[in-house]
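K.L.:
Chains as they are written, first to last, in this note's numbering: chain X, 422 to 726; chain E, 14 to 113; chain G, 310 to 502.
Hints in this document: simulated from the structure, not taken from any laboratory.
Glycine is no exception: its CB is placed at the ideal position from the N, C-alpha and C atoms.
Incorrect hints may have been included.
Said to hold, decoys possible - Just the calculated beta-carbon pair ranges, DEER-fashion:
#  : chain 1 : residue 1 : chain 2 : residue 2 : range
1  : X       : ARG471    : G       : SER405    : 32 to 40 Å
2  : E       : ASP110    : G       : ASP439    : 18 to 26 Å
3  : X       : LEU668    : G       : LEU425    : 56 to 64 Å
4  : G       : MET453    : E       : LEU65     : 23 to 31 Å
5  : G       : MET453    : X       : VAL594    : 30 to 38 Å
6  : X       : TRP595    : G       : SER451    : 31 to 39 Å
7  : X       : GLY634    : G       : MET389    : 28 to 36 Å
8  : X       : ALA482    : E       : ASP110    : 37 to 45 Å
9  : X       : ARG476    : G       : ALA414    : 25 to 33 Å
10 : X       : ARG471    : G       : ALA414    : 50 to 58 Å
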Amino acid sequence: MPDVVEVSPLWAVPAALLVVLVAAWAACLDAGTGPGAVPGFTAPGREVARLLRQRRRTTLAADRLLWRLGGGGLLVAALLMVAVVPLGRWTLSDLGVGVVWFNAMDVLVWALVWMAGWGPNSAHALVGGYRFLAQALAYELPLMFALTAPAVAAGSLRVGDVVAAQQDLWFVVWMPVAFVVFCGCVVAFSVRGPFSSPTGADVAGGVLAEVSGVDRLLLLAGRYALLVAGSAFAVAAFLGGGAGPWLPGWLWSLLKTVALVSVLVAVRGRFPLLRPDRLVELGWVVVLPLTLLQLLVVSIVAVAG
Amino acid sequence: MSLEAVLVVAAALFAVGLYGAISQQVVVMVMMGLELMINAVILAAAGLWWFLAPSPDGHVLLLVVVAAMTVEMAAGFAVATLLHRSRGSDTTDTATDLDR
Amino acid sequence: MMGMAAWLEAVLFWGLGVVAVAAGVAVFRTDSMARATYALALSFVAVGAQVLMLSLDYVGVVTVLMMVMEMAVMAVYMVMFMGMNPALMPMSMVHSKKTALGVAAGTFVALAAGALLVPWPERRGAPAVDLTASLGEAVMGSKMLVMLVVSPVLFATIVSALVLANPRGRYHRLGDDLRRRPADDPQRGGVGR
Chain X
422 MPDVVEVSPL WAVPAALLVV LVAAWAACLD AGTGPGAVPG FTAPGREVAR
472 LLRQRRRTTL AADRLLWRLG GGGLLVAALL MVAVVPLGRW TLSDLGVGVV
522 WFNAMDVLVW ALVWMAGWGP NSAHALVGGY RFLAQALAYE LPLMFALTAP
572 AVAAGSLRVG DVVAAQQDLW FVVWMPVAFV VFCGCVVAFS VRGPFSSPTG
622 ADVAGGVLAE VSGVDRLLLL AGRYALLVAG SAFAVAAFLG GGAGPWLPGW
672 LWSLLKTVAL VSVLVAVRGR FPLLRPDRLV ELGWVVVLPL TLLQLLVVSI
722 VAVAG
Chain E
14 MSLEAVLVVA AALFAVGLYG AISQQVVVMV MMGLELMINA VILAAAGLWW
64 FLAPSPDGHV LLLVVVAAMT VEMAAGFAVA TLLHRSRGSD TTDTATDLDR
Chain G
310 MMGMAAWLEA VLFWGLGVVA VAAGVAVFRT DSMARATYAL ALSFVAVGAQ
360 VLMLSLDYVG VVTVLMMVME MAVMAVYMVM FMGMNPALMP MSMVHSKKTA
410 LGVAAGTFVA LAAGALLVPW PERRGAPAVD LTASLGEAVM GSKMLVMLVV
460 SPVLFATIVS ALVLANPRGR YHRLGDDLRR RPADDPQRGG VGR
């Protein structure tokens, strides 16, 4: 497979549209399956139309600046993540430290979700924001070490090199723990499924409690976009990027991403909600050592091979 | 972009941080001043590295500065927590036991 | 067209510099603890971008990563310790403001004069082609001692910070004879409990 090539920055617009399209697919799948399913794929479309027409509610002494930044920022963070992910052999930016870049962008989510919870000056939303920080403490270290594994195996932090290193064998085959942990963390930083307690019903929707209209649309779209961006990165880091028979590379990247997004959406309802305070111990006592062991295996193979 | 430009921006950041570190009463705000000063050090070191001697040695030094910042943060948060627990306050003016 | 590129670069650099310093000033001017914290984060992001412009990709991105994470935690501490409603009340808790302003202004003048007046030497050597790789080789090769020192320092920091901040020791958890099972924790939950 040829190395990845950088394309003109103008391609950022179609790339963003692609992310939104896959995110829309995820939203349709989400609404059409699982608990409280609405038959047909029209529910998200109707919800978008409703939110676009809805008037903005506001609360007393809201911190509008941080609230809007938090709500709109998730989508931006997701798009910035995608900037270093190759689609087949094209990439927007083949940054030399692409893996660290992805990590930095997912850390932005810490700040953004907390701001979205802080902004409305509402107790429920604030509790949601704090819950996310506690959850982030639990998943971030496993995520970092799961990200380190493919970088060590490829001997490079460049996403293009990571993809190229999987020419013979996809990384998912010999680092399954890192892959599973990474996918779990993608679900966690997109605040979904078992990790959705920051938006839980027990705190009246948490971060989503007060947000309405376009802001709510952006926040919900940002969550789906983060899921898509994380899956796209997982495809590049573990699933061989655009490698595959017959079809062109870009189509394989896209198909794998859609497939992974669909799996992550589908398993959502199969797990119980994890409370952030219990999650921290689970993350640090069970998942982190497992990830470190995986990293040790990968390092030994990388040194010996 | 020149070395002088980088250093002037770094000097301004350092001065703002120094103002905060001296004038603020609350420990966490003092820490924010210190962080701004380290921010300036990172920028100045990066500028000196790039314009004078772009060798790996200076690059490693920058990593050490970043590590120093994490130590500052962790120790600062721990001391602030301890102060708050034992005194019920978090201002530097109530922590002058060593000032005799 | 080189002139154009250099000009754009200068505008970008100064723009980021203004953002970094203005955000730094905002840290001590705003009344909201959350805004103060994230103003500092913005200052770090601007400096991180400037460091990226100086070709230090790894340090620049890692600075942004670390500082955004740290400021997210810092916001919690600010709210926890400042002890007042942030959004509703003016926040001015300063002492010796005039001295501080004077010292800060003097420092800036001295440092900036030094930056402008010192005859800086010519650049020695050229940067490596792949700076991140050269950094990795330095850290794992000739400069390994630095990292060997940094890691125990970081570990010692973790331990000492926990000792300082944690009010309860193992005798609180496990009783005087360390035999109490399960441990008595204020926060239940986690693995197997």
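K.L.:
Please go over all the hints and tell whether each is borne out by the structure.
P.N.:
Going down the list of hints, with the structure as the test:
1. ARG471/X x SER405/G: 32 to 40 Å: violated, 56 Å
2. ASP110/E x ASP439/G: 18 to 26 Å: violated, 52 Å
3. LEU668/X x LEU425/G: 56 to 64 Å: Once the Cβ atoms are compared, 60 Å apart, the range 56 to 64 Å for LEU425/G and LEU668/X holds.
4. MET453/G x LEU65/E: 23 to 31 Å: holds, 24 Å
5. MET453/G x VAL594/X: 30 to 38 Å: Since MET453/G and VAL594/X have Cβ atoms about 32 Å apart, the given range 30 to 38 Å holds.
6. TRP595/X x SER451/G: 31 to 39 Å: holds, 32 Å
7. GLY634/X x MET389/G: 28 to 36 Å: About 32 Å separates the Cβ atoms of GLY634/X and MET389/G, which means 28 to 36 Å holds.
8. ALA482/X x ASP110/E: 37 to 45 Å: holds, 38 Å
9. ARG476/X x ALA414/G: 25 to 33 Å: violated, 49 Å
10. ARG471/X x ALA414/G: 50 to 58 Å: Holds: the Cβ-Cβ distance is about 55 Å, inside 50 to 58 Å.
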